[in-house]
Amino acid sequence: MGSLLSKWFGNFGKKQCAERNKCLDILNIVLDGEATEEQKEYLESHIDLCLPCLNDYKLEKTIKELLQSKCENPQVPTGLIEAIKSKISEKTV
Amino acid sequence: MRINQITGIREKIFREKISNIRHASFLYFSLSLKLMSAEEENEQVQQYSDNEKDTVFEKEFFPHVNAMYNFAYRLTFDEDDAKDLVQDTFMKAYRFINSFQQGTNAKAWLFRILKNSFINDFRKKSKQPTKVDYQEVESYYNSEKVDSPITSDLRVESVQHMIGDEISNALNSLEVDFRTVIILCDLEGFKYDEMAKILDIPIGTVRSRLHRARNLLKEKLRDYANKMGYK
Chain A
2 MGSLLSKWFG NFGKKQCAER NKCLDILNIV LDGEATEEQK EYLESHIDLC LPCLNDYKLE
62 KTIKELLQSK CENPQVPTGL IEAIKSKISE KTV
Chain B
80 MRINQITGIR EKIFREKISN IRHASFLYFS LSLKLMSAEE ENEQVQQYSD NEKDTVFEKE
140 FFPHVNAMYN FAYRLTFDED DAKDLVQDTF MKAYRFINSF QQGTNAKAWL FRILKNSFIN
200 DFRKKSKQPT KVDYQEVESY YNSEKVDSPI TSDLRVESVQ HMIGDEISNA LNSLEVDFRT
260 VIILCDLEGF KYDEMAKILD IPIGTVRSRL HRARNLLKEK LRDYANKMGY K
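Sequences listed follow chains A and B, in order. Per this note's numbering, residue 2 is the first one in the first sequence, and the count goes up by one each step. Per this note's numbering, residue 80 is the first one in the second sequence, and the count goes up by one each step.
Treat the hints as calculated values from the structure; they're not laboratory data. Even glycine gets a Cβ: it sits at the ideal position worked out from N, Cα and C.
A short, non-exhaustive set of chain B residues, derived as facing chain A with CB atoms under 10 Å: (1) 146; (2) 261; (3) 268; (4) 293.
Turn these sequences into a full structure, and let the hints steer you where they fit.
Structure below.
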């Protein structure tokens, strides 16, 4: 039990994950909604134990959400569809 | 004598190929669109009547006009250019409409035409010189530097403090190929296999390009965070 605890704390408190690139890859696949069950399970059990990867997960998730919510879309020019329709009918007449 | 004849024929074919290269690329483009649409439903290519064409445009194409304009704008950074690019895309969609299978993924089909128009027609005449030699970019970004995650920390809190401009500027400052995968995946929500079709690259390349693009984006965000004194 003691050794299990120290293993847990040892893992959780570590500064670097030895497999960070692999984890980063998998957590992005999960966030993109493309993960297999196996990958999801791996990530869940891994970030329970690995603080650096938990932070990576939060960071990637935050960035993805910000991209979706804060990237202001340009104003679509009014009458664009009408312009397209008239261009098409010009060509086809 | 025989060899000479064969060589002669090959040269002739070669010359014809050169003169027909525009036509050939047109045919290739049309074929690839057919494949893309037909693959999904595994059905025969159809012929649309004028009425049916109108319906397809109204019901399946025009609903994506805003997303297409946003994509075009983030590729060109110019309102007029973006508008031209979207119009060109719809003109091509009209021309190639028989390659589109109704009920299949219209958005991906249109994005693919848009992206091809941007590369084939637009980059050439654009005011900006083409900056990206793709091979060069890919090999440069294949280097360790970009693949290894950022060690100096970008914190969640720093990113949360950022307003839209900073995120948007960071995205816009990426090279077009990296910018594109982030737009398609994170802003437009395309799946990897759809992105592979839109970009004409294997899924593995989609994933590795996305991975690099995200590392580059984080580097930009970290620069902003440092400059703003978050930390």
